[in-house]
Amino acid sequence: MATDGEGLERKFDAKQRKRQKPGVVLCGSMEQLEALAQLTPEIRDFYQKHWDEDILLGCILPWREDAEKYLPDETTKELARDTRATSCFVIRFGVPGEQIVRKLWEGGRLTFASSANPSGIGNKGRASGIGERIESSVDLIIRSDEYVKSIQPDKSEETRHEQGVMVSMVDDEGKIVPEQHGERGVTPAPVLIRKGLDYEAIMRHLSDSFPSWDYRHGMYY
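In this text, residue positions in the sequence shown follow the UniProt record's numbering: the first is 1, and each later residue adds one.
There's no promise every hint is true.
Said to hold, decoys possible - Distance condition first, Cα-Cα at most 30 Å in a straight line; then the derived DSSO-like pairs of lysine-lysine:
| no. | residue 1 | residue 2 |
| --- | --- | --- |
| 1 | K149 | K175 |
| 2 | K21 | K155 |
| 3 | K49 | K149 |
| 4 | K195 | K149 |
| 5 | K21 | K77 |
| 6 | K18 | K175 |
| 7 | K69 | K49 |
| 8 | K175 | K49 |
| 9 | K77 | K195 |
| 10 | K103 | K77 |
| 11 | K77 | K155 |
| 12 | K149 | K103 |
| 13 | K195 | K18 |
| 14 | K77 | K175 |
| 15 | K155 | K195 |
| 16 | K21 | K175 |
| 17 | K77 | K149 |
| 18 | K18 | K77 |
Since the hints were made in silico from the structure, they are not lab data.
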């Protein structure tokens with residue numbers, strides 16, 4: 001987790017992460033999400049379902065024009081967004097992190113994050129799996145191996161999902177997808193671009209919320 005350009009630079013260096021892969025924006029409440037991201041009523045309702053069911057969800061969305069004031073410096077503007085000026089806005093990422101994010105947001109500060117592992121390499125849901133480079137680079141590590149196990153009790157280290165689902169709600173140019181109003185064949189449509197934790201429930205909500213949506217695992221950054 002980081003709050004500004006300096007922190008993002010440290011995070012990208014620790015993870016050896018490509019700079020075109022932006023850090024995600026953590027939202028500790030639906031109100032914060034609505035203040036930062038462009039949302040249609042359908043997308044907002046889609047998020048609300050996952051908020052109510054405490055399901056980790058991240059969607060690629062454009063920023064609201066009046067929210068860019070919260071990006072504290074030029075480095076943050078570069079590393080928190082992709083070349084289309086979109087970011088992945090994430091909700092329901094765990095109580096400890098949510099408490100931190102809400103407290104920072106009360107002071108007008110944002111929190112950016114990404115998975116705690118070397119870029120492209122999983123951590124098996126264990127704090128010890130984050131790697132020496134990351135462990136020596138960060139200021140705080142929240143060790144919660146048992147919690148990670150508890151939310152996927154039927155999974156082993158080999159089958160456990162290490163990241164959340166990511167859904168793109170924008171077209172190739174970064175413009176938000178149109179509302180569907182229950183009609184079929186509306187394009188561009190939402191695209192599930194990364195399979196992950198609770199993907200079955202998220203796919204069910206996609207089907208309930210959008211008559212048309214696509215599954216393209218791996219089409220992210």
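Checked hints:
1. The suggested pairing of K149 with K175 is violated, with an alpha-carbon distance near 37 Å, which exceeds 30 Å.
2. At roughly 28 Å between alpha-carbon atoms, K21 and K155 fall within 30 Å of each other, so this suggested pair holds.
3. A threshold of 30 Å between alpha carbons decides the hint, and for K49 with K149 the separation of about 24 Å falls inside it, so the pair holds.
4. Between K195 and K149, the direct Cα distance comes to roughly 18 Å. Compliance with the 30 Å bound is thereby established for this hinted pair.
5. Restraint check: the Cα-Cα separation between K21 and K77 comes to about 13 Å, which is no more than 30 Å; the hinted pair holds.
6. Taking the CA atoms of K18 and K175, the gap is near 23 Å; set against the 30 Å cutoff, the hint holds.
7. Straight-line distance between C-alpha atoms of K69 and K49 comes to about 29 Å, which keeps the hinted pair within the 30 Å bound.
8. Proximity of K175 to K49 is assessed by CA-CA distance (about 23 Å); at most 30 Å being required, the pair is judged to hold.
9. Taking the CA atoms of K77 and K195, the gap is about 27 Å. The hint holds against a cut of 30 Å.
10. This hinted pair checks out: K103 and K77 have alpha carbons roughly 22 Å apart, not beyond 30 Å.
11. For the hint linking K77 to K155, the alpha-carbon distance of about 38 Å lies beyond 30 Å, and the restraint is violated.
12. A threshold of 30 Å between alpha carbons decides the hint, and for K149 with K103 the separation of about 27 Å falls inside it, so the pair holds.
13. For a cut-off of 30 Å, the pair hint linking K195 to K18 stands: about 21 Å separates their Cα positions.
14. Distance check on the hinted pair: K77 and K175 sit about 18 Å apart at the alpha-carbon level, within 30 Å; holds.
15. Pair hint K155 plus K195 holds up; C-alpha atoms about 15 Å apart against a cutoff of 30 Å.
16. Between K21 and K175 the alpha-carbon distance is near 18 Å, which keeps this suggested pair within the 30 Å criterion.
17. Between K77 and K149 the CA atoms are separated by roughly 35 Å; this puts the pair beyond 30 Å, and the hint is violated.
18. Annotation: proposed proximity of K18 to K77 holds, straight-line Cα distance about 15 Å (limit 30 Å).
Taken one by one, the earlier hints fail for this structure at numbers 1, 11, 17, listed in ascending order.
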